[in-house]
Amino acid sequence: MSPTSQPGDRPARGASPMAKPVLSVRNLAKAFGSNVVLRDIDLDVRRGNVVALIGPSGSGKTTVLRSLNGLETPDAGTVTFADTDTGTDLALDFSAKVSKKDVSDLRDRSAMVFQHYNLFPHMTVLQNVIEGPVQVQKRKRAEAIADAEKLLARVGLSDKRDAYPFELSGGQQQRVGIVRALALKPQLLLFDEPTSALDPELVGEVLGVIQELAEEGWTMVIVTHELAFARQVADEVIFMDGGVVVERGPAAEVLRAPRQERTRQFVRRLLHEF
Amino acid sequence: MPFNWDLVWSSFGPIVTGAVTGTIPLTLASFVLGLALALLVALMRLSRNAVVSGAARFYVSVIRGTPLLVQLFVIFYGLPSLGVKLDPWPSAIIAFSLNVGGYAAEVIRAAILSVPKGQWEAGHTIGMSSGQALRRIILPQAARVSVPPLSNTFISLVKDTSLASLILVTELFRNAQQIAAFSQEFMVLYLEAALVYWVVCLALSTGQSALEKRLDRYVAH
Chain A
1 MSPTSQPGDR PARGASPMAK PVLSVRNLAK AFGSNVVLRD IDLDVRRGNV
51 VALIGPSGSG KTTVLRSLNG LETPDAGTVT FADTDTGTDL ALDFSAKVSK
101 KDVSDLRDRS AMVFQHYNLF PHMTVLQNVI EGPVQVQKRK RAEAIADAEK
151 LLARVGLSDK RDAYPFELSG GQQQRVGIVR ALALKPQLLL FDEPTSALDP
201 ELVGEVLGVI QELAEEGWTM VIVTHELAFA RQVADEVIFM DGGVVVERGP
251 AAEVLRAPRQ ERTRQFVRRL LHEF
Chain B
275 MPFNWDLVWS SFGPIVTGAV TGTIPLTLAS FVLGLALALL VALMRLSRNA
325 VVSGAARFYV SVIRGTPLLV QLFVIFYGLP SLGVKLDPWP SAIIAFSLNV
375 GGYAAEVIRA AILSVPKGQW EAGHTIGMSS GQALRRIILP QAARVSVPPL
425 SNTFISLVKD TSLASLILVT ELFRNAQQIA AFSQEFMVLY LEAALVYWVV
475 CLALSTGQSA LEKRLDRYVA H
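Chains A and B, in that order, are what the protein sequence lines are.
Letter by letter, the first sequence follows residues 1 to 274 in this note's numbering.
Letter by letter, the second sequence follows residues 275 to 495 in this note's numbering.
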């Protein structure tokens, strides 16, 4: 336990810090025209760990997350996935041209939960969840449905199986978004501000699900503004500002006793907004 | 002058036959081919390749900027001078398909663009290729948006096929014209033709409403 730990902090657990990370990002850089959004970002995620990316809007945290899923193409840097199944790593070097095959392999390893859910509005909840497994992963439909039903039951949405997204509340839609990601059986879950679009009273139900996943040992990278939540679930917190990592470390340390002035200001502002 | 009811009844058969064997199949064939062409042109327009999108833009511009009658005449009366001699039916189907292709391409392009970018991303993130995302995620949503404008195109096409009478296709209006010329009862015959067109278009409007209702089942009201 770190000296600063208090009740409510995430208990230390997971893989030893010496273990090889599942995901390694080195020197990630990206600019939109003359606007530099990422500079030299490094990131390691170990199996079973939760990394929270925090920072003001425009800090580049979402761009980092989207790069991990191939939704953004960085200008430079490497993303490496340790593959425990085959023993061969998947390594993408964005300084050179990255093949479509590599991007699609990268995507296969992770699944994304979006701020605005991005459910498919023309499909029912069940169809949303099995679309990836059936259409992309070519799994048997009956099997995919059985899995989907189990996952929906877990997040308390069994009765919404045949509803269309527009019939659900934001919190329910986001839980479906999480189930859609889980159904892909990814090695890594990516969350892009999963509660930012929700009404305040619906935030809890979504954070609750994410916390359960953390406890189950899912490997996750979460972009969030919910600092109290980050302190509870994250093993590591990375504070970004202006496209660079300003500070990183165990959640309790970074959020409770930040070393950098910029981090201090940010944390203070978010924790004492009123 | 007494109203010529006998003529109304006796001409009704040929006019409806013209609709069933001419107007309707010509419309359906041209619309289906035209839609396929329109989808292709819309995707070309959305291409990042400047040559590809430029070619599509040029095509749409020519189709929309020239009269349908002129397009029809170029194909039927003009092409033979280049050694391409087409019969009336193929000429008509080609001309109408090209025409629908130009107009519907813009509708489909706009409909595809109206689907939020997050839908493409959600498709990609569950592992879909762009083609798969287009087919499974984007087009079904674009279809809903494009039903009203495409129905307009379809209904216009029904009436536009009357122009095919000018390149000797036996359809509704040509039959009416011939009986009119023979009987000299222009008013009766042309009103009758108008009535049959109207009935066909009414039926299509009903179909449009049913289709819209079906496609609207997944949006909030």
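These aren't lab readings, by the way, just hints derived from the structure by calculation.
One or more of the hints may lead you astray.
No more than 30 Å apart at the CA atoms, straight line, and that leaves these computed lysine-lysine pairs for DSS-like [claimed, not checked]:
id, chain 1, residue 1, chain 2, residue 2
1, B, Lys391, A, Lys185
2, B, Lys359, A, Lys97
3, B, Lys391, A, Lys101
Residues of chain B clear of chain A, computed beta-carbon distances all greater than 12 Å [to be verified]:
id, residue
4, Pro414
5, Asp434
6, Cys475
Positions of the beta carbon are idealized from the N, C-alpha and C atoms, including for glycine.
Structure-based check of each hint:
no. : hint                : in the structure
1   : B:Lys391 x A:Lys185 : 24 Å, holds
2   : B:Lys359 x A:Lys97  : 50 Å, violated
3   : B:Lys391 x A:Lys101 : 22 Å, holds
4   : Pro414              : 5 Å, violated
5   : Asp434              : 32 Å, holds
6   : Cys475              : 29 Å, holds
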